[in-house]
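Participant: Chains as they are written, first to last, in this note's numbering: chain A, 1 to 114; chain B, 1 to 109.
Treat each hint with caution, since some may be false.
Stated by the list, open to error - DSSO-like mimics (lysine-lysine), calculated; alpha carbons at most 30 Å apart, straight line:
1) Lys5/B to Lys18/A
2) Lys71/B to Lys56/B
3) Lys68/B to Lys19/A
4) Lys41/A to Lys54/B
5) Lys71/B to Lys36/A
6) Lys41/A to Lys19/A
7) Lys71/B to Lys41/A
8) Lys68/B to Lys54/B
9) Lys108/B to Lys19/A
10) Lys18/A to Lys56/B
11) Lys54/B to Lys19/A
12) Lys40/A to Lys71/B
13) Lys56/B to Lys19/A
14) Lys68/B to Lys52/A
15) Lys108/B to Lys52/A
To be clear, the hints were calculated from the coordinates, so they are not data collected in a lab.
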Amino acid sequence: ETGVTQTPRHLVMGMTNKKSLKCEQHLGHNAMYWYKQSAKKPLELMFVYNFKEQTENNSVPSRFSPECPNSSHLFLHLHTLQPEDSALYLCASSQEGGQKNIQYFGAGTRLSVL
Amino acid sequence: DQQVKQNSPSLSVQEGRISILNCDYTNSMFDYFLWYKKYPAEGPTFLISISSIKDKNEDGRFTVFLNKSAKHLSLHIVPSQPGDSAVYFCAAGGNDMRFGAGTRLTVKP
């Protein structure tokens with residue numbers, strides 16, 4: 001248990017569906033991240049939030065829409081996805097000013113887009 | 001642009017021997033380096049780190065070496081144990097981290 005919980009663990013959706021991924025951290029951290037991991041590729045940073053404010057968007061298509069209502073919760077809203085969006089989506093959190101750059105990851109959501 | 005590369009997708013080692021996992025980076029501004037370990041169905045977990053002011057950091061069976069001139073870091077595990085079998089990711093950066101694609105380590109009993 002890393003203190004970062006992601007739901008659902010698995011998700012299958014059609015290209016016309018709308019779904020949301022949820023991440024919750026119980027570590028009191030003030031930064032949260034979304035990553036995409038495709039097979040045999042590096043983890044790709046998608047979004048970064050510091051103190052609920054989005055500080056980075058790595059040219060992510062608009063069909064991915066993040067939401068950070070507070071420093072403990074992070075959502076990734078999905079709509080009209082493509083099959084190539086199938087991947088493992090990982091959420092992480094860290095403490096700005098704490099142990100530098102150590103991120104704590106959730107177990108991920110395995111997304112399949114049909 | 002892949003700034004952090006792990007060129008070996010897999011590594012197999014006999015129990016008790018040394019495992020050496022390698023990582024190369026391209027950005028000379030990176031000043032902090034980490035290794036994460038990932039078991040199936042779990043997220044990556046932090047293993048060990050090193051800052052650019054050092055060239056070695058040791059924690060039990062795990063040692064990370066940094067060669068700044070070569071922009072290369074390595075993780076040594078000795079002695080290797082079957083429970084070390086996992087995917088190992090290196091990460092490098094400053095305020096934001098960039099990850100490699102991972103190396104799957106298999107330690108055979």
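Participant: So which hints don't hold here, by number, going up?
Facilitator: 1, 3, 9, 10, 11, 13, 14, 15
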